[in-house]
Amino acid sequence: MHSTTILLIEVGALLFALGMLGRLGRKFGLSPIPLYLLAGLAFGHGGFVPLSASEEFISVGAEIGVILLLVMLGLEYSATELVGNLRAAAPAGVIDALLNAIPGAGFALLLGWGWQAALVLAGITWVSSSGVIAKVLGDLGRLGNRETPVILSVLVIEDLAMAFYLPLVTAVLAGVGLVGGLKALAVAVVTVIAVLVVAIRYGSAISKAMSVSDPEALLLSVLGLTLFVAGVAAELKVSAAVGAFLVGIALSGPVAHHATQMLEPLRDLFAAVFFVFFGLSTDPADMPPVLLPALALAVLTMTTKVFTGYLAAKRVGVALPGQLRAGLALMPRGEFSVVIAGLAVASGVEPRLAPLATAYVLITVVTGPMLARLPDYQWFKNIVRRRMALRQRRTTPVPAGE
Amino acid sequence: MVGVRVRVEQTPLPGIGVRHDLVTSSGRTVGVVSHRNGRRDLVLYDVDDPDACLASIPLTDGEAEALADVLGASLMLGQLAGLRQQAAGLLTEQIALPAGSPFVGRKLGDTRARTRTSASIVAVLRDREVIASPGPSFVFEANDVVVAVGTRDGLDGVTAILAGEHDD
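Residue numbers (the working numbering), protein chains in the order written: chain A, 868 to 1269; chain B, 1023 to 1190.
FYI, nobody ran anything at the bench for these hints, they're computed from the structure.
Quantities reported herein were computed from a predicted structural model and do not represent experimental measurements.
All C-beta atoms in this analysis are idealised placements derived from N, C-alpha and C, irrespective of residue type, glycine included.
Check each hint, because a few of them may be wrong.
Said to hold, decoys possible - Partner residues aside, some chain A positions facing chain B, computed with beta carbon under 10 Å:
{"id": "1", "residue": "Tyr-944"}
{"id": "2", "residue": "Gly-951"}
{"id": "3", "residue": "Ala-1001"}
{"id": "4", "residue": "Ala-1180"}
Chain B extracted, bound-state conformation:
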């Protein structure tokens, strides 16, 4: 991840749902009000009166998904491009999970890939979808493609681990 982890605050709205909001580094506050009936409002806060919403934009399921996709995908690409530029020795590789991999149905954390190879798994491609920055509890499925960033040796190590060749 680039930069510090962003703090998202969660506030229950009894009888309505829940509100998530975060303060951006530019000082603006953005939030999402998730209604219990599935409706979502994207809310932008006033600069002069940070307690009030300047705009509250209702989003349908499809719209929310599309917005999340746009934000998520551009972030992923940006991160990958940035990494490539920053360090010449760092490589990005897509590694398909072999059919006989011992990690099908197991957690990403079980691979201990980062500890053992110092390469990071930054995304998983599944059914033409990008799952960005999967956590240690992410569970692999057959036909997953892992996007890893690391040195040549590190990436080879990840390939070997996923194939079940690294037994230690």
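Isolated chain A (complex conformation):
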């Protein structure tokens, strides 16, 4: 058979299987991300059905998947929103970074993996999955809740922080050392600030240049611009993903709205390919030895996320039940952790990192949304109410004798 024919058969069967898996997952209220990762594990090296002809195609598709994930994330936020949010929620973002990145870094150092791997694992444990969490909040009818803006601000700051973190990691993994990494970070800081300023000042002019009335032209121009900027960013060693994210931020108004609608199906397709690709590059045989460490890391960093949400919600005056809801909602890690781990795999920094990240993301993304439901159960509410009553009794000042 011709290799293109085999490619069609393999990719077709793969996508069909993913579609079926996704449907099955939705039945149980499960995010498709873990299913795609598992599918990748099953197909890849050492899996049940090794894919031969389509591996190169899938790797290019995965690259596009990361770019589309990031440009959509950028499209969701406007530059004004990002800057306004930064002022209000910076302390929460700092708490989040400290509480969740440090355990990851410490864990890697404890395993004796070297500082590059520690930097990568710090990112993996730091960033919650904004896609999964936004979906969970919507499904549980919590969008109107008072702690929801807190959760969203933490997610926004994490996403924005990625614009600085990814270039740093990309440079460090390229073997330029810490000084080279800091140089890349400086370039990223200047670029991001420039893009934010341009987007706030001239965002409407940029968006006006792209006509909304012609959907086909809009799709091609936005997609083309995104891939181009991502490519240039990668060439400048600032990470393709960050370039795409910045394009998303720079676009606003009706163009952003229409582009979001048009790119969504493309993002779904290529993001699925991306998660499968990451699973493909992991050998299932490497998984069992890292399962226990991954579980320990997941328990540790899910606890620190609960604490993050608790503190962040407390800061804005949300009561105990809301604080717990915020904390429990923040637990799932997802797309970003896989993107970060993907960078490490490509550079070959630590062979056990990819299986650990896979297991870690699988654990948090499956159990996180389930645990997020806890505060809705009556028994949980009763426990919280009892705690609150207890606390109130303790803090009520005893009338002082005159």
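Model the placement of chain B on the given structure of chain A, informed by the hints.
Just chain B now, kept in the frame of chain A:
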């Protein structure tokens, strides 16, 4: 307006849209989550846990409009009826904007009707729709009908102003 101005709080929801909410005098909180894609959720808050939504009801464009109409219209009628009962000397009148009125295309604030006549313009009827409590920046169009509340003299004054007879 009857009573104190109600305070509506606006909270941005990055990536989703914006939430507006208000605390009623009975102590309950109601809000609307406006999604960026046009969807709207009417949210009602829990009494025991005021941070949580008890219910979140998605509304289509039509449903939101219908609900706003019902609330707005009944409020208007209530206010007019209340005014009539409260003060015998106070009248409500519908005044059509004359075709040659100098205020077609100009702002309500430009009429300075309340300062000059102490009668208030409480609503404008346009194309069979009621625009309740128009602000000073509201712009008149031809064929608008103004609903004004005031004394006999005050209402006559408004009629004269809108006709462009009061030049000062």
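Hint check results:
1. A cut of 10 Å between beta carbons decides the hint on A/Tyr-944: the least distance to chain B is about 6 Å, and the hint holds.
2. Given the 10 Å rule on beta carbons, the hint for A/Gly-951 holds: about 7 Å separates it from the nearest Cβ of chain B.
3. The beta carbon of A/Ala-1001 is positioned within 10 Å of a beta carbon in chain B (closest approach about 7 Å), and the interface hint is therefore held.
4. With 10 Å as the threshold, the beta carbon of A/Ala-1180 comes within range of chain B, its nearest partner Cβ sitting at about 8 Å, so the hint holds.
Checked against the numbered hints listed earlier, the structure breaks none of them; every hint is satisfied.
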